[in-house]
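Undergrad: Given next are the chains, with one letter for each unit.
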Amino acid sequence: MSTTTSRRLKTARFDIYRSMVLRTARKDDNVEITDESNYQFDTNYELFTAGLVIGFLRDDPRTESKGSYSQDFIQVNRVGGSSENEYREGIEFIYKLIELEHSDDNPDDSELWELALQYADAGVEALNQDISLKGEFDLLAFIDEADQKWEDRLEDVLISE
Amino acid sequence: MKVEKAIIKNFMPFYKEVPVDLQTNSDSPLILMGAKNDRGKTAFFTAMRFCLYGFEGGNTLKSEKRRQAINRKAAVEGLDEASVTLEFSHNQNIYEIERVIEFDQVDDPDDRNWKSCHVTVKKPSVSEGKEIVINQAPNEDPAKKYNRFINGILPESASDFFFFDGEELDRYAGSYNDSEADVRTAIETVLGIREIQNAIQDLRDEGKDYYQDEWKDKAEDVEELQDLSEDISSVQSDIEAKKTEKDSAQTELRQKEKRRHQIGDELAEASGVATKQDRVNEIAEEIGDSAQDDSLKGKLDEKRGARRELHSRLGPLMIGIGAKHGVENYDVSIVSGMEDTIEYLLDRDDCLCGADIDEDAEETLENTLEKLRKDEMSTISELQGFASDHLECLTSGDYPENLNVSQAKSEYVSIQEDIEGLAEDINDLEDEKETLEEEIEEATVTAEEAESLQETKETLDEEIGGLKNTIETLDEDLEELEEKKRKLEQTVNSMEAADEEEQRYRTLMKLSDECADAWEKIRDRYVETQRESVEKHASNIFQELTNKNDVYEGLTISKDYKLDVKTISGNRDIEEQNPSKGARQIIAYSFIAGLNKFTAREAPVIIDTPIGRLDPEHKQNLIEYFPNFRDQVVILYQPGELDEEDIKQMGDNISSHLEIHQRENDPESSEVSSIESETDLKRVLAK
Chain A
0 MSTTTSRRLK
10 TARFDIYRSM
20 VLRTARKDDN
30 VEITDESNYQ
40 FDTNYELFTA
50 GLVIGFLRDD
60 PRTESKGSYS
70 QDFIQVNRVG
80 GSSENEYREG
90 IEFIYKLIEL
100 EHSDDNPDDS
110 ELWELALQYA
120 DAGVEALNQD
130 ISLKGEFDLL
140 AFIDEADQKW
150 EDRLEDVLIS
160 E
Chain B
0 MKVEKAIIKN
10 FMPFYKEVPV
20 DLQTNSDSPL
30 ILMGAKNDRG
40 KTAFFTAMRF
50 CLYGFEGGNT
60 LKSEKRRQAI
70 NRKAAVEGLD
80 EASVTLEFSH
90 NQNIYEIERV
100 IEFDQVDDPD
110 DRNWKSCHVT
120 VKKPSVSEGK
130 EIVINQAPNE
140 DPAKKYNRFI
150 NGILPESASD
160 FFFFDGEELD
170 RYAGSYNDSE
180 ADVRTAIETV
190 LGIREIQNAI
200 QDLRDEGKDY
210 YQDEWKDKAE
220 DVEELQDLSE
230 DISSVQSDIE
240 AKKTEKDSAQ
250 TELRQKEKRR
260 HQIGDELAEA
270 SGVATKQDRV
280 NEIAEEIGDS
290 AQDDSLKGKL
300 DEKRGARREL
310 HSRLGPLMIG
320 IGAKHGVENY
330 DVSIVSGMED
340 TIEYLLDRDD
350 CLCGADIDED
360 AEETLENTLE
370 KLRKDEMSTI
380 SELQGFASDH
390 LECLTSGDYP
400 ENLNVSQAKS
410 EYVSIQEDIE
420 GLAEDINDLE
430 DEKETLEEEI
440 EEATVTAEEA
450 ESLQETKETL
460 DEEIGGLKNT
470 IETLDEDLEE
480 LEEKKRKLEQ
490 TVNSMEAADE
500 EEQRYRTLMK
510 LSDECADAWE
520 KIRDRYVETQ
530 RESVEKHASN
540 IFQELTNKND
550 VYEGLTISKD
560 YKLDVKTISG
570 NRDIEEQNPS
580 KGARQIIAYS
590 FIAGLNKFTA
600 REAPVIIDTP
610 IGRLDPEHKQ
620 NLIEYFPNFR
630 DQVVILYQPG
640 ELDEEDIKQM
650 GDNISSHLEI
660 HQRENDPESS
670 EVSSIESETD
680 LKRVLAK
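Heads up: the sequence lines are chains A and B, in that order.
Just so you know, we're using numbering that gives the first Met the number 0 here: the first sequence kicks off at 0 and counts up by one.
Just so you know, we're using numbering that gives the first Met the number 0 here: the second sequence kicks off at 0 and counts up by one.
One thing to keep in mind: the hints can contain errors.
To be verified - The calculated lysine-lysine pairs, modelled on DSSO-like cross-linking and capped at a C-alpha distance of 27 Å, are:
| # | chain 1 | residue 1 | chain 2 | residue 2 |
| --- | --- | --- | --- | --- |
| 1 | B | 298 | A | 133 |
| 2 | A | 26 | B | 296 |
| 3 | A | 133 | B | 296 |
Quick caveat, the hints were computed from the structure, so don't treat them as lab data.
Note that the coordinates shown come from a computational prediction; the quantities given were computed from them, not determined experimentally.
Start from the sequences and build out the full structure, keeping to the hints where you can.
TA: Dropping the structure here:
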């Protein structure tokens, strides 16, 4: 079992993070924030978590992200501060599922984490695309999607073995 | 005037009522009335004059004559009044003149005195009886009605030529002395010249002077009219000036009211701008900004923040769905218990359900037990642990809005609706604000300008008030002036004919003057004609009456009515000729007869003592002439003047022959009776 210390949140679509994460936008000197409401997330790990679950549920990792991560955010075990929180627990839960899904292949932790990163970027792209298409952040649509996909996805991971 | 009857009552010697019938007819004009001396012949003569004219003289003399006229016996007996009444016809009217002297009863007849006196004129009433047409006390103004009445019949001044004493006639045949003016006036009155003269005088005095006075009045009116016209013009000028002033004031008022109206509009617009600005400020405050929690933007930001938190929790929420699913559908404890159960079953021959555990079943149990004992199982257990932890974090973590997925969805929908509502409100308000701001921007009046306009409006209000007061005052002035003008015009209208009247009076005045001039010429001509006629007739009569036809050829009458005797040796005045008393009397008779022939008056001739000193020839000639004097000739004679031959000579010319004689058994009283017999005649004729 791999340790969480080596796992770091990172993305190959930092551009999207910059446009959707308030704190990230604030750090960018090239960006002038006129309306904070335009930023759907406060921190990067929040967007990362959303992207991770969306990507996992759709099971369509963004493979092209591999080797092109431009920015590290934070280690998983430091997400949300010192105490346990829903982001960190959520990331660990998805990670465990990835681990279970690929247990027959005996992958190492880095391979599993790489897959998680690719899921996250795929989800972030999907999220960005959805916003672009709809002109707004359709939170309920993603939750509905989660309602629809989780049962099958869990069966894929847990029962098929 | 033709006397029908005389009634003498308690007058002089006539006691009680003494009626005297004096009727005559045209063929018998003479009434003879004989009386001895002191029987009342002169009293009767006096009574006739008294009735018509009252007594002559001043008040004292008149008073004494009235007292003496009261019959002594009547005074003692207290018969109250003495009177003379004449009934006569004149111009086909019948009149009755009654002159009364009232007195109180006295014990001594010498103490008798009159109390009052009056004269009345009556005439037959249209109904019956008589009506008084004139009732005048003697002391009243002689110009009153009675005088006008009697002057229209026989003026007193002319009466001397109708009522005369034959023995005093010679005064007309001599110098008129002091009374010549009166005689001349009397003659002119008899001839009607006096009327012409009076008419001329009236035309001069009453006519011309009257019209002159009227003309002067009207001339003054014309002058006044001119003054009034000037006044009207002046008032009209004042009115025009006031109207001009009022027009100017009204024009100024209209301009100022128009300006005030404009300012009112501008102020209303300014007021609208202020209201709009207030609304803009209100909207701005309501919208506010993010820092203001109570503002819409603050609330919106708050909601957006809440929404962003939910956005941020998208991942955990989606994972939560899976975690919950995993926890609920995949029980790790069951998996762990299975190991114990399999080991238990491997030690038995049959299953818990009663089935036999054969070798195949035992092999399966052993494989399953082996698999369960691998790491994978622990991984699933670990997964379930993460799932449980995650779910616990979702609902009971540090986050204040930790909600389960269902709650989060509801919350999100609510927040989203709030955000949309707030955004919509803000948009609406901002649109309204924008519209208002545009309107404010487009408004032409600024706040400073509005303040200035307000000051201007207040000033205009004061000026308009002043102008209205001015106009009101001008209206009052105009009303007064119009009233003044109206009154002046009314006065002028009432005097409009003044100028015309003035012309008319000028014409009348001139006409009156010309008329007087014409009448003067007529009078001169008439006087001359009358004088010549009277002279001719008097000359003829004189020649009939005189006993010296061989010497006297007639009479001449000068323009001053002085008589001259025309003799064979030339004309001489009476004094120069110096005829005898008898001859003078004949000359006077001739003159009076001439006058009576051409008189304008109609009156009886009453002659007292007609014969006097005439010699038989003159007497005879006169007796022959008496019937020719007038239509009514009353001859009052005394014994010796006439004899039976004379009476016989007058014969049918006598209507009645009366005698004034002593009342029977009353030596102080007289009465009048008709001479019915020869005896009576002889008695009255007896010397």
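Undergrad: Just to be careful, I want the Cα atoms of residue 26 (chain A) and residue 296 (chain B) compared with a cutoff of 27 Å; is the pair within it?
TA: Status holds; Cα separation ~25 Å.
Undergrad: Next pair to validate is residue 298 (chain B) with residue 133 (chain A); report whether the Cα-Cα distance is within 27 Å.
TA: Roughly 25 Å separates the two Cα atoms, so the pair holds.
Undergrad: Holds or violated: residue 133 (chain A) with residue 296 (chain B), Cα cutoff 27 Å?
TA: holds (24 Å)
Hint compliance for this structure: no hint is broken.
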